[in-house]
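Input sequences plus hints: build the corresponding full structure.
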Amino acid sequence: MKIASFNINGIKARAPALLDWLKEAEPDVALLQEIKSTDENFPRSLFEDIGYNVETHGQKGFNGVAILSKLPLEDVRRQLPGDPADEQARWIEATVIGKKALRVCCLYLPNGNPAPGPKYDYKLAWMDRLKARAKALLQTEEPALMAGDYNVIPQPEDAANPQIWTKDALFLPQTRKKFHEILNLGYTDALRAITQEPGIYTFWDYQAGAWKKNNGIRIDHFLLTPQCADLLLDCQIDKEVREREKPSDHVPIWVELDL
DNA sequence: ATGGTCGTGGGACGA
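The opening position of the first sequence corresponds to residue 4 in the numbering used here, with each subsequent residue numbered one higher.
One or more hints might be untrue.
[Said to hold, decoys possible] Straight-line alpha carbon distances no greater than 25 Å define the calculated SDA-like cross-link-like pairs of lysine to any residue that follow: (1) 15 - 48; (2) 249 - 191; (3) 15 - 51; (4) 180 - 200; (5) 5 - 63; (6) 181 - 113; (7) 73 - 100; (8) 63 - 80; (9) 103 - 191.
[What the hints assert, rightly or not] Label pairs and their calculated CB-CB ranges: (10) 230 - 198: 14 to 24 Å; (11) 88 - 216: 35 to 45 Å; (12) 75 - 217: 33 to 43 Å; (13) 166 - 198: 15 to 25 Å; (14) 132 - 104: 18 to 28 Å; (15) 230 - 75: 32 to 42 Å; (16) 215 - 166: 15 to 25 Å; (17) 230 - 80: 17 to 27 Å; (18) 166 - 88: 15 to 25 Å; (19) 88 - 261: 23 to 33 Å; (20) 248 - 43: 36 to 46 Å; (21) 246 - 53: 33 to 43 Å.
Simulated from the structure, these hints should not be mistaken for laboratory data. These numbers come from a predicted model, not from an experiment. No residue lacks a Cβ here, since even glycine has one placed at the ideal position from N, Cα and C.
Structure (structure tokens):
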């Protein structure tokens, strides 16, 4: 089973490129972030017409996440638990019904800039809630994964120029510490289970020729529970997507599981 | 050295 994660940066602008990529990459499940659309305005029939079940959790203008799945989805839950007052659409999870059930969580972790400030406080609080959900997910002892745009650069080798990120919310010590606390609960960073190679990125800013200069960062991640990590066959990034017409500033990352 | 690019929605803000 192939499961992909892709921050599409707006469904309206990205629908053609997303359809092209889905048709050639053929993921069984695609976890989307930054749909920037309400549930009503999401063009679900575009994806239903090519065989996907569609579950969205959107809001007007910003954020928004969605799950596309060729296999049936059950027990869909929206919103990360832990703060009923949080109105930002950044989390959706569901069970994919294949030969064996797989719980998939699709997340768009807050950017947190500028730091320090209220946006960074929100990011850290959100990461605390993520850690709590991650713990509960481990206790089910079922294969499960949490994937998406974490807005976290885990290590210096995950940035082309780590020095320019030292005061950025994506790379501050506190951010990295919380990310590693979640990993250390027992999760596997799927890409790092496949390769230790530096210089693998999932995001290049639109500005200042970042793509041309390969000034990228690795911020989109797949975290796997032990039962899911046991099924891991491969994890790759579809870098060539960034070169195309009207690209997102992120590229897809995917895992192949023995399921 | 400086400012630089997108997306949404139809202005200002988020990234």
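Comparing the hints with the structure gives:
1. Pair hint residue 15 plus residue 48 holds up; C-alpha atoms about 13 Å apart against a cutoff of 25 Å.
2. Taken as a hint, the residue 249 and residue 191 pair is broken in the structure, with Cα atoms around 33 Å apart against an allowance of 25 Å.
3. For the suggested pair residue 15 and residue 51, the alpha carbons sit about 16 Å apart, so the restraint of at most 25 Å is met.
4. Note on residue 180 and residue 200: the hinted pairing holds, with a Cα-Cα distance of about 21 Å set against a maximum of 25 Å.
5. Using a Cα cut-off of 25 Å, the hinted pair residue 5 and residue 63 is violated, with the two alpha carbons roughly 30 Å apart.
6. Only pairs whose Cα atoms come within 25 Å are accepted, and residue 181 paired with residue 113 is accepted, the gap being roughly 13 Å.
7. A hinted pair counts as satisfied when its Cα atoms are at most 25 Å apart, and residue 73 with residue 100 qualifies at roughly 10 Å.
8. Proximity of residue 63 to residue 80 is assessed by CA-CA distance (about 19 Å); at most 25 Å being required, the pair is judged to hold.
9. Simply put, residue 103 and residue 191 have alpha-carbon atoms about 20 Å apart, close enough for the 25 Å limit, and the pair holds.
10. Evaluation of the 14 to 24 Å hint for residue 230 and residue 198 yields a pass: the beta carbon distance comes to about 22 Å.
11. For the pair residue 88 and residue 216, the beta carbons lie near 41 Å from each other, so the given range of 35 to 45 Å is met.
12. At roughly 40 Å, the beta carbons of residue 75 and residue 217 sit within the given window of 33 to 43 Å.
13. In this structure the hint that residue 166 and residue 198 lie 15 to 25 Å apart at CB holds, the actual value being about 24 Å.
14. With their beta carbons about 24 Å apart, residue 132 and residue 104 fall inside the hinted range of 18 to 28 Å.
15. Checking the proposed 32 to 42 Å range against residue 230 and residue 75 shows it is violated: the Cβ atoms sit about 20 Å from each other.
16. Range check, residue 215 to residue 166: about 20 Å between beta-carbon atoms, so the 15 to 25 Å window is met.
17. In this structure the hint that residue 230 and residue 80 lie 17 to 27 Å apart at CB holds, the actual value being about 19 Å.
18. Checked against the given bound of 15 to 25 Å, the beta carbons of residue 166 and residue 88, roughly 37 Å apart, lie outside it.
19. At about 41 Å, the beta-carbon gap between residue 88 and residue 261 misses the expected band of 23 to 33 Å.
20. For the hinted restraint 36 to 46 Å between residue 248 and residue 43, the CB-CB distance of approximately 28 Å leaves it violated.
21. Checked against the hint of 33 to 43 Å, the pair residue 246 and residue 53 fails, with Cβ atoms roughly 23 Å apart.
When each numbered hint is compared with the structure, violations occur for hints 2, 5, 15, 18, 19, 20 and 21.
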